[in-house]
Amino acid sequence: MGIFTTRASTALREAKGDLRIENVTKRFADFVAVDDLSLVVPRGSFFALLGPSGCGKTTTLRMVAGLEQPTAGKVLIGDTDLTGSRPYERPVNTVFQSYALFPHLTVRENVAFGPKRRGLPDALKLADEALALVEMGHLAQRKPAMMSGGQQQRVAVARALVNRPEVLLLDEPLGALDLKLRRQMQVELKRIQTEVGLTFIHVTHDQEEAMTMADTVAVMNKGQIEQMGAPAELYDLPTTTFVANFLGQANMVEAKQVGLDGDRPVYEAFGHRWWVPRHRSSVPAGEPAAYGIRPEKLRLNHERPALGGSSAAAGPGVLRDVSFTGVSTQYLVDLPGLGTWGVFERGRWIVRRRGVARSRRICCSCRGWPGW
Amino acid sequence: MAWLVMFFVVPMVQLFLVSLQSDYPGFPGYYYQDVNVANYARALTDFAPHFGRSMLFAGLATFFAFVLGYPLAYAMAFKAGRWRGVMMICVIAPFFTSFILRTIAWRQILSDEGWIASTLNAINLLPGGRITETWVAVVAGLTYNFLPFMVLPIYSSLERANPTVIEAGGDLYANGFTTFRTVTLPMSLPGVLAGTLLTFIPAAGDYVNAELLGSDVSTKMVGNVIESQFFRVLGGFPDAAALSFTLMALILALVFAYTRKFGTEELL
Amino acid sequence: MSASAVSPMTRVRYWIADRWVMTSALLVLAYLALPVVYTLVFSFNNYTKSNIAWNPVGSPTLKHWLDPCGPPGICEALVTSLQVGAVSTLVATVLGTMIAFALVRHDFIGRGPTNLLVFVPMATPEIVLGASLLTIFVQGFPSFQLGFFSIVIAHIMFCVSFVVVTVKARLQSLDPRMEEAAADLYADSRSAFVRVTLPLVLPGIVSAAMLSFSLSFDDFIITNFVSGDVSTFPKFVYVSYLRGIPAQANVIGFSLFLIAVLLTIGGQVVGNLRTKKG
Numbered sequence: 001m002g003i004f005t006t007r008a009s010t011a012l013r014e015a016k017g018d019l020r021i022e023n024v025t026k027r028f029a030d031f032v033a034v035d036d037l038s039l040v041v042p043r044g045s046f047f048a049l050l051g052p053s054g055c056g057k058t059t060t061l062r063m064v065a066g067l068e069q070p071t072a073g074k075v076l077i078g079d080t081d082l083t084g085s086r087p088y089e090r091p092v093n094t095v096f097q098s099y100a101l102f103p104h105l106t107v108r109e110n111v112a113f114g115p116k117r118r119g120l121p122d123a124l125k126l127a128d129e130a131l132a133l134v135e136m137g138h139l140a141q142r143k144p145a146m147m148s149g150g151q152q153q154r155v156a157v158a159r160a161l162v163n164r165p166e167v168l169l170l171d172e173p174l175g176a177l178d179l180k181l182r183r184q185m186q187v188e189l190k191r192i193q194t195e196v197g198l199t200f201i202h203v204t205h206d207q208e209e210a211m212t213m214a215d216t217v218a219v220m221n222k223g224q225i226e227q228m229g230a231p232a233e234l235y236d237l238p239t240t241t242f243v244a245n246f247l248g249q250a251n252m253v254e255a256k257q258v259g260l261d262g263d264r265p266v267y268e269a270f271g272h273r274w275w276v277p278r279h280r281s282s283v284p285a286g287e288p289a290a291y292g293i294r295p296e297k298l299r300l301n302h303e304r305p306a307l308g309g310s311s312a313a314a315g316p317g318v319l320r321d322v323s324f325t326g327v328s329t330q331y332l333v334d335l336p337g338l339g340t341w342g343v344f345e346r347g348r349w350i351v352r353r354r355g356v357a358r359s360r361r362i363c364c365s366c367r368g369w370p371g372w
Numbered sequence: 001m002a003w004l005v006m007f008f009v010v011p012m013v014q015l016f017l018v019s020l021q022s023d024y025p026g027f028p029g030y031y032y033q034d035v036n037v038a039n040y041a042r043a044l045t046d047f048a049p050h051f052g053r054s055m056l057f058a059g060l061a062t063f064f065a066f067v068l069g070y071p072l073a074y075a076m077a078f079k080a081g082r083w084r085g086v087m088m089i090c091v092i093a094p095f096f097t098s099f100i101l102r103t104i105a106w107r108q109i110l111s112d113e114g115w116i117a118s119t120l121n122a123i124n125l126l127p128g129g130r131i132t133e134t135w136v137a138v139v140a141g142l143t144y145n146f147l148p149f150m151v152l153p154i155y156s157s158l159e160r161a162n163p164t165v166i167e168a169g170g171d172l173y174a175n176g177f178t179t180f181r182t183v184t185l186p187m188s189l190p191g192v193l194a195g196t197l198l199t200f201i202p203a204a205g206d207y208v209n210a211e212l213l214g215s216d217v218s219t220k221m222v223g224n225v226i227e228s229q230f231f232r233v234l235g236g237f238p239d240a241a242a243l244s245f246t247l248m249a250l251i252l253a254l255v256f257a258y259t260r261k262f263g264t265e266e267l268l
Numbered sequence: 001m002s003a004s005a006v007s008p009m010t011r012v013r014y015w016i017a018d019r020w021v022m023t024s025a026l027l028v029l030a031y032l033a034l035p036v037v038y039t040l041v042f043s044f045n046n047y048t049k050s051n052i053a054w055n056p057v058g059s060p061t062l063k064h065w066l067d068p069c070g071p072p073g074i075c076e077a078l079v080t081s082l083q084v085g086a087v088s089t090l091v092a093t094v095l096g097t098m099i100a101f102a103l104v105r106h107d108f109i110g111r112g113p114t115n116l117l118v119f120v121p122m123a124t125p126e127i128v129l130g131a132s133l134l135t136i137f138v139q140g141f142p143s144f145q146l147g148f149f150s151i152v153i154a155h156i157m158f159c160v161s162f163v164v165v166t167v168k169a170r171l172q173s174l175d176p177r178m179e180e181a182a183a184d185l186y187a188d189s190r191s192a193f194v195r196v197t198l199p200l201v202l203p204g205i206v207s208a209a210m211l212s213f214s215l216s217f218d219d220f221i222i223t224n225f226v227s228g229d230v231s232t233f234p235k236f237v238y239v240s241y242l243r244g245i246p247a248q249a250n251v252i253g254f255s256l257f258l259i260a261v262l263l264t265i266g267g268q269v270v271g272n273l274r275t276k277k278g
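Protein chains in written order, with this note's numbering: chain A, 1 to 372; chain B, 1 to 268; chain C, 1 to 278.
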């Protein structure tokens, strides 16, 4: 019996390949945390699970780690089925939210913990190498309580990395850090990932963090994946309202497809018409749809440009608020029927130059058809 | 677990059974199992004054322990700074000198020849002329012995409280006393609750203080009666058992009413 | 001279307000310490008949400190107390820790009653515990001789509850992610327990053991009920009170106090050094 379990777990530990989540469901009492989720994370990629709290992203991660077992479905690495195996049998390591460093052990002992449990002879040497990778070698003798959040974070990364897992899981690892440190660690983690070439799965609710770091982002909502793809792709062409709102800001309005102009669908709402390129339109004709456009694609104008042709427009409306953020100036415009839209323009004095001022009727317009 | 069942539940049941036993007529010290409710009747009539005194003394001791203990706990939690550890040791350390020894020390400090009694007598402030052998001494002794049980829970609940919350009270125009009454005291309530129980329960069952600091008649508590029924009165077993059981029931009832009133279930 | 908005009267009030808490705290501490000081002082008393009045002739004297075992029975009682304390602490700690783990980690039938059962002995006056144990020893097992073992059994009984409560509190405050992290780092459940859980709970177990030793050592009421002819240190003091307590009792009492204080301070210093070293 003992022999078989040992052999089985060794086989599990040596599993290699893409991480595959197949039709996984996790139910807690009467609450469905993860709902029939399927996902493939290619080996060596930096993958982000993005979503609001309670969307099931952490539960998904814990099922990959083996800390929870799925109610239904399978978790595989390559062709090896990990479902039902224990956390310590899996080639998967976790950087826990707020780190979970062992307070009774020094930094070095913390990092050497994994290799020692696996009975590797040079555990301490491996630990020192891992600490060097995260630039924490000089604090190896410290206890975790004597370190700052950023330092603990690096140690937590080293403690997981030292095991060279097939998949490294990061559960909101930067959540407890201040903004500046978080930016710095984002770059750092990305560097480490490139350097070691392992599969990283990063769970976060911070869209900017996910977009900065990951090759592929999956946006989760209510236990399901809403949309998955490269960050730019998701941003440019969100397929659901949820994704559009969750990633950055969006001006959205419920619209109806009213016809085709050539091969371009035309959408209409409250007397406005928008042309959307065929490949950007995901809703069949006649169905209720939402038209959306990013604030930074819009420009403010005194006159409403002619409809059709090569531009889209909305308005006229009333300028309600102007705020300068450094990179851009953000305008809020009340558009009758459409609600309040945001327009981000670069530079500070555009408003004055173009003759638009507060409380005056102005229009939003743009070139091309960047909406969806 | 089996241990607790064996050495707590079984003895309790046995105690209950004993409390219902009767004497073999003519053979004092020998009993047979019976449902002799008279034991309880005696416990509640003959010894009613002792129960009353137990509750009264324990209540007074709890009150004084609270009055004395709260400032100490408060000072330890918020004012002591680096002296906190030292104060902590000062609170706990007397435990390690046998409590009998300390109680006897009190008897001698308060004795008729002692300086406290003689000073008070010299200025005619002592009506009866003495401190020992009065209820004052017994209550003082009880207060003293169980004071740490009051201080420590209050301290730990105050320590857990966030001092900025108290500062916020001051910031929102509450003066010192109002802040204390509306913010600090409610936050330490679980500690106060635990502290009062930890003081009241053992004080109510204590007989050492009454024995060493009190007089023969007017300060005897239930504990003294139980003790003497067990050890000094031939055939006193069932009576003593009935007394013990009544005492426990009384205390449990009081504790239950008390926790109900203040609505905290998490004791200790 | 700048005019202050705070009047001198108010300032006096603030001054008092800032200090009265500390002052009363120190007075209460003095109240707590008084008998201990008294015990120490009278350990140097050169008394003739009873150690109640201070004898100016020949005091202070070191003779009681040099002959702590002088009065018959005192050191036997002390040794009994230490033995009882050691044995019951050991058993109560092991047993209590196991119960605490069971209560926190396993959801077994009868967990509620068990919790209650652990709590009730603490909410019961000692005298009732003593009385009930006495009845069971005397009537339940008539052949059982009251003495060392009955004391030990009684002490274990009330110590277990305190151990359970202390260890349980520590276990409950333990971050569950510690054990998850251990499992994630290839520790199976046994080695996760040995390497992570146990070291993290150990301070709680140690303080529980210390608590139960001091409870056991200082217990008089329960001991008095179940001890038969065997004498423990508190019982010795109580019994000899009628004849007059020998000053050696003060010597031993104060020494124990001193040892306990030194151990506590020593423990804290070592703890501080350890955290500083890192």
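Treat the hints as calculated values from the structure; they're not laboratory data.
It is possible that part of the hints are untrue.
Chain C is faced by these chain B residues, among others (derived, beta-carbon under 7 Å) [to be verified]:
{"no.": "1", "residue": "Phe-63"}
{"no.": "2", "residue": "Phe-64"}
{"no.": "3", "residue": "Phe-66"}
{"no.": "4", "residue": "Val-67"}
{"no.": "5", "residue": "Leu-68"}
{"no.": "6", "residue": "Val-86"}
{"no.": "7", "residue": "Phe-96"}
{"no.": "8", "residue": "Thr-97"}
{"no.": "9", "residue": "Ile-109"}
{"no.": "10", "residue": "Ile-226"}
{"no.": "11", "residue": "Ser-244"}
Computed footprint of chain B on chain C; a stretch qualifies when at least three of its residues, placed anywhere within it, have a C-beta under 8 Å from a C-beta of chain B [claimed, not checked]:
{"no.": "12", "region": "36 to 47"}
{"no.": "13", "region": "113 to 126"}
{"no.": "14", "region": "183 to 196"}
{"no.": "15", "region": "203 to 211"}
{"no.": "16", "region": "223 to 237"}
The beta-carbon is built from N, C-alpha and C at its ideal position, and this holds for glycine as well.
For each hint, the structure was consulted:
1. Among the interface hints, the one on Phe-63 (chain B) is violated; its C-beta lies about 15 Å from the nearest C-beta in chain C, farther than the 7 Å criterion.
2. Given the 7 Å rule on beta carbons, the hint for Phe-64 (chain B) is violated: about 11 Å separates it from the nearest Cβ of chain C.
3. For Phe-66 (chain B), the suggested interface contact is broken, since its CB lies about 12 Å from the closest CB of chain C, more than 7 Å.
4. The beta carbon of Val-67 (chain B) comes no nearer than 10 Å to any beta carbon in chain C, farther than 7 Å, and the hint placing it at the interface is violated.
5. For Leu-68 (chain B), the suggested interface contact is upheld, since its CB lies about 5 Å from the closest CB of chain C, less than 7 Å.
6. The interface hint given for Val-86 (chain B) is violated, since its Cβ lies 9 Å from the closest Cβ of chain C, which is over the 7 Å cut-off.
7. Taking 7 Å as the C-beta contact cut-off toward chain C, the hint placing Phe-96 (chain B) at the interface holds, the least distance being around 4 Å.
8. A cut of 7 Å between beta carbons decides the hint on Thr-97 (chain B): the least distance to chain C is about 4 Å, and the hint holds.
9. With its C-beta approaching chain C no nearer than about 6 Å, Ile-109 (chain B) sits inside the 7 Å limit, and its interface hint holds.
10. Restraint check, Ile-226 (chain B) versus chain C: the minimum CB separation of about 6 Å is within 7 Å; hint holds.
11. Residue-level restraint check for Ser-244 (chain B) holds (minimum Cβ-Cβ distance to chain C is 4 Å; threshold 7 Å).
12. For the region 36 to 47 of chain C, the assignment as covered by chain B holds, since 4 residues bring a beta-carbon within under 8 Å of that chain's beta-carbons and 3 suffice.
13. Using a Cβ-Cβ cut-off of 8 Å, 11 residues of the region 113 to 126 of chain C lie near chain B, which meets the minimum of three, so the contact claim holds.
14. Check result for the region 183 to 196 of chain C against chain B: violated, 0 residues qualifying (beta carbon to beta carbon below 8 Å, three or more required).
15. Here's how the region 203 to 211 of chain C fares: 0 of its residues keep a CB closer than 8 Å to some CB of chain B, so the rule of at least three is not met and the hint is violated.
16. Against chain B, the region 223 to 237 of chain C contributes 5 residues with a C-beta closer than 8 Å to a partner C-beta. That satisfies the three-residue criterion, and the hint holds.
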